[in-house]
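Student: Okay, so the sequence shown: first residue is 1 according to full-length UniProt numbering, each after it adds one.
Be careful, since some hints might not be right.
Estimated spans, in silico, between C-beta atoms of each pair [to be verified]:
#, residue 1, residue 2, range
1, Val99, Glu119, 31 to 41 Å
2, Val134, Arg19, 35 to 45 Å
3, Lys132, Leu6, 15 to 25 Å
Below are the DSSO-like pairs computed for lysine-lysine, each with C-alpha atoms no more than 27 Å apart in a straight line [claimed, not checked]:
#, residue 1, residue 2
4, Lys132, Lys69
5, Lys44, Lys69
6, Lys115, Lys29
7, Lys115, Lys91
8, Lys44, Lys91
9, Lys29, Lys44
10, Lys132, Lys44
11, Lys69, Lys91
12, Lys12, Lys69
13, Lys115, Lys44
14, Lys115, Lys69
15, Lys29, Lys69
16, Lys115, Lys12
17, Lys132, Lys115
18, Lys132, Lys91
Calculated from the structure, these hints are not laboratory results.
These figures come from a predicted structure and were not determined experimentally.
Just so it is clear, CB atoms sit at the ideal spot from N, CA and C, and this is done for glycine as well.
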Amino acid sequence: MSLINLEQYSEKQNRAISRVLDTLDRLDKRMSIHYSNKRAHERKDFRGIVWISVPDQEYAEEGGVNTIKVWSRSISQSGLSFIYPSPIYQKTIHVGVPVQGDQVTWFRSEVVRQKEIEEEQFWEYGVRFLGKVVT
1 MSLINLEQYS EKQNRAISRV LDTLDRLDKR MSIHYSNKRA HERKDFRGIV
51 WISVPDQEYA EEGGVNTIKV WSRSISQSGL SFIYPSPIYQ KTIHVGVPVQ
101 GDQVTWFRSE VVRQKEIEEE QFWEYGVRFL GKVVT
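When you get a sec, could you build the whole thing from the sequences and use the hints?
Tutor: Okay, here's the thing in structure tokens:
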């Protein structure tokens, strides 16, 4: 199984991105009343592209790509949320967040939440940052 990069999404998937992000934002607003005081760090809207790297050799050995671009929708000091059109089975991934121009800061991250948006054939993932990747 290889990962699908943003540039490889079908026309249908590209049209669904905005709907998925808008739907998740609406749900988040409704649920924020219940969860905002339970969060350690304030979430900020962040609709932008981030990089996901699955440090699992299974993908590379099959000739697949293991670093891809995905759409993010929110970020906090401790993690972020992104959408992807397939399940990701690894619990530990690396997330690259753009900081200035083309600079990217990479974080070791743990997938702590995944939710299928069945009607749009996308998944939403919540990751917790475990620390910066030191190169």
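Student: Does each hint fit the structure? Answer for all of them.
Tutor: Structure-based check of each hint:
The hinted window of 31 to 41 Å between Val99 and Glu119 holds, with their beta carbons roughly 34 Å apart. Taken as a hint, the range 35 to 45 Å holds for the pair Val134 and Arg19, whose Cβ atoms sit roughly 38 Å apart. Take Lys132 and Leu6: their Cβ atoms lie about 24 Å apart, and the range 15 to 25 Å holds. A hinted pair counts as satisfied when its Cα atoms are at most 27 Å apart, and Lys132 with Lys69 qualifies at roughly 18 Å.
For a cut-off of 27 Å, the pair hint linking Lys44 to Lys69 stands: about 20 Å separates their Cα positions. Taking the CA atoms of Lys115 and Lys29, the gap is about 17 Å. The hint holds against a cut of 27 Å. Distance restraint check for Lys115 and Lys91: the Cα-Cα separation of roughly 14 Å lies within the 27 Å cut-off, and the hinted pair is therefore satisfied. Distance hint between Lys44 and Lys91 is fulfilled; the C-alpha atoms sit about 23 Å from each other, no more than 27 Å.
Proposed proximity of Lys29 and Lys44 is supported: the alpha carbons are some 12 Å apart, at most 27 Å. Between Lys132 and Lys44 the alpha-carbon distance is near 20 Å, which keeps this suggested pair within the 27 Å criterion. Proposed proximity of Lys69 and Lys91 is supported: the alpha carbons are some 18 Å apart, at most 27 Å. Of the pairs offered as hints, the one joining Lys12 and Lys69 holds, with about 17 Å between alpha carbons and a cut-off of 27 Å not exceeded.
For the suggested pair Lys115 and Lys44, the alpha carbons sit about 20 Å apart, so the restraint of at most 27 Å is met. Simply put, Lys115 and Lys69 have alpha-carbon atoms about 19 Å apart, close enough for the 27 Å limit, and the pair holds. With a C-alpha separation of about 26 Å, the suggested pairing of Lys29 with Lys69 holds against the 27 Å cut-off. Note on Lys115 and Lys12: the hinted pairing holds, with a Cα-Cα distance of about 20 Å set against a maximum of 27 Å.
The hinted pair formed by Lys132 and Lys115 meets the criterion: a straight-line CA distance of about 25 Å does not exceed 27 Å. The hinted pair formed by Lys132 and Lys91 meets the criterion: a straight-line CA distance of about 17 Å does not exceed 27 Å.
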